[in-house]
Amino acid sequence: MVEENIQQHKKTDELSKNLDKKADAMKALRKSCKNRIDRVAEIVREQKRALKAIRAQLANSPSTIPEIAASTDMPTDIVLWYVAAMKKYGQIAEKEKDDGYYRYSLQGESHVID
Amino acid sequence: MKSIQTTTFDVMVIGGGIAGLQTALDIACQDYSVAVVEKGASIGGKMIRLSKVFPTLDCASCITTPKMAAAAHNDNITLFTCCDVKSIKRERTLSTQNISNSISPQNNNTQRNRFVLKAVVTQRARYVDADKCIGCRKCEYECPVLVSDVEQGGFSARKAISIPFSNAIPQIAVLDADNCMLCGKCEKICPTHAINYFQESYDFVIQANSIVLATGYEMTSLSDKPQYGMGKIPNVIDALQMERLLAPHGPYNRVLRPSDGKEPDSIAYIQCAGSRDRSMGVPYCSRFCCMYAIKQAMLLSGSLPLAEIRIYYMDIRAFGKGYEQFYQNAKAMGIEFVKAKVARVDAGEDGSVTLQYEDQNGYGMVTMNHDLVVASMGVISAWSPKGICNVSQGLDNFIHTINSKLSPTLTDMEGVFVAGAAAGPKDIVDTITEAGSAAIEVSKYLRYLYGKERGLKPVSTISSLKAVA
Ligand SMILES: Cc1cc2nc3c(=O)[nH]c(=O)nc-3n(C[C@H](O)[C@H](O)[C@H](O)COP(=O)(O)OP(=O)(O)OC[C@H]3O[C@@H](n4cnc5c(N)ncnc54)[C@H](O)[C@@H]3O)c2cc1C
Ligand code: SF4
Ligand code: SF4
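Heads up: the sequence lines are chains A and B, in that order. Each residue of the first sequence is one higher than the one before, counting from 12 in our numbering. Each residue of the second sequence is one higher than the one before, counting from 752 in our numbering.
Possibly wrong hints are sitting among the right ones.
Once the Cα atoms are required to be at most 20 angstroms apart in a straight line, the calculated SDA-like pairs of lysine to any residue come out as [as the list claims (entries may be wrong)]:
{"hint": "1", "chain 1": "A", "residue 1": "45", "chain 2": "B", "residue 2": "935"}
{"hint": "2", "chain 1": "B", "residue 1": "936", "chain 2": "A", "residue 2": "31"}
{"hint": "3", "chain 1": "B", "residue 1": "889", "chain 2": "A", "residue 2": "119"}
{"hint": "4", "chain 1": "A", "residue 1": "45", "chain 2": "B", "residue 2": "889"}
{"hint": "5", "chain 1": "A", "residue 1": "42", "chain 2": "B", "residue 2": "947"}
{"hint": "6", "chain 1": "A", "residue 1": "106", "chain 2": "B", "residue 2": "930"}
{"hint": "7", "chain 1": "B", "residue 1": "936", "chain 2": "A", "residue 2": "56"}
{"hint": "8", "chain 1": "A", "residue 1": "42", "chain 2": "B", "residue 2": "935"}
{"hint": "9", "chain 1": "A", "residue 1": "38", "chain 2": "B", "residue 2": "933"}
{"hint": "10", "chain 1": "A", "residue 1": "59", "chain 2": "B", "residue 2": "947"}
It is worth saying that the hints were derived from the structure and are not from the lab. The model shown is predicted, which means the values in this text are computed figures rather than measured ones.
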């Protein structure tokens, strides 16, 4: 029993040493990629703002691309790009057509893209 | 210095499109071992990205996916994806190799001095352990970074880590390091601990007795065409982007105008947009554009029955069996064919596109507006052997074939063959036929080589060897 406990301790010790090593390596990697990380983080912040605005409009009522663009003050092609991505990841669904444009509404788990 | 690992196969096929896969399958079924080296993250080439195919209008994925799966599950075929071929050399070697297709079992242990082909290949890092990844896509759903998805013509997004597309083979995630912010979310959620941010690219050697080049084609870019707006005019797209709009798993799951999501009422095709045009460096005919434009027009008239569809063309080249009938059917469906060369494309009002063309029926310069315009761009070679191996290119930059009438798969480097669009623009029917022909040339060559090694008389009337001689 005592022997087993010692072995267990040794294993946990090794594991935490390995985890420490990995954490250090990750820190070093993040440091060496700082410029890229900052650039992507800025893009992600912008994407989150856009997604939030689109979601807010769709929570009001199912909308067409021009309607979403008008309410979010975003260009229609960019709105369509986000809507296509949100549809792909199960966040929104296509509804009926209205004068040549389809309406979209929220659906599914909203954490998928946020 | 790290030693480079060498793997030995009877044959190496470069390119995992329909030409490469068909060649590999036809060689593998003769019990030769084949390595398929693909630069992309999935095999399938352009064909797996198409919607339906002329002249039968069969679903492209329904034909390509079984071939991809057959190659992936064939014991004689090994797939290498995310790989770049750095060099190919013929080297003299002392052969003690085990030959898979046994002609004369008695002489299996013969040692001889002969030539083999050695390719140095770079395995690019995926940052995902290919042996551990089960393709569950949990990482993809969790990743917070959206990136423009070229697999969907840029009309939708993927994540910084993703499975390349729904029917990709292999189903292994790829992390796009340029767009990753190392947040660690994918690593945390991966059930098999497959994510490895520290993975590095490495070189290895593939040694083979024969190589088949099946590197296919690329399209010229709209950005090279000043008269057509250099890709900056909204709703002017290329034909591969239209294939995605028409595909069942496309970015919008239907055909919409990329500028604002409107269902287009009027769609135009500009033929020879990048071919038969010296200013683009493509003086030749790209061969299959007329047929895919007619196909897409037919599919559009099925999905948008009220839309007006026009094809602006110089000549319609319906070259294959049943193709003329296909063209006539399109006309009967109401697709309008206008004989004209489009001179200019400009942005119109409300997202429309304005075309100016010279009408060949005497109406002079005509201006016309459309909701969506598809440019049939030029077909160019996807790969240059320059600096990699001693295979020559033709004046059109495609792989030069030395006996194009009788044995169109022979190159001027011994043991190296070519199949499909790597040798010039070719539709799927011709590509598959040529792949079969390349496989036969390879097996004749291997029989000659292995037969000689075992002291057998060479197989007579081998066109490949005659041509090399
Ligand atoms: C818009 C459009 C629609 C079309 N529709 C039809 C149709 O309906 N019917 C029809 O018959 N034909 C059609 N075609 C033509 C069809 O796409 C070709 O006939 C076919 O794809 C040729 O196959 P391939 O394997 O030779 O080349 P590709 O499909 O180009 O495959 C080549 C493969 O090689 C890989 N590769 C390239 N370079 C390297 C390298 N250096 N190392 C490793 N791998 C490499 C590529 O990544 C790719 O996977 C269409 C073409 C276009 C553009
Ligand atoms: S890397 Fe992990 S989470 Fe991502 S698809 Fe593979 S197994 Fe799933
Ligand atoms: S580490 Fe990179 S790929 Fe993984 S979830 Fe974060 S941003 Fe996406």
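Original post:
Which hint numbers doesn't this structure obey?
Top reply: 4, 6 and 10
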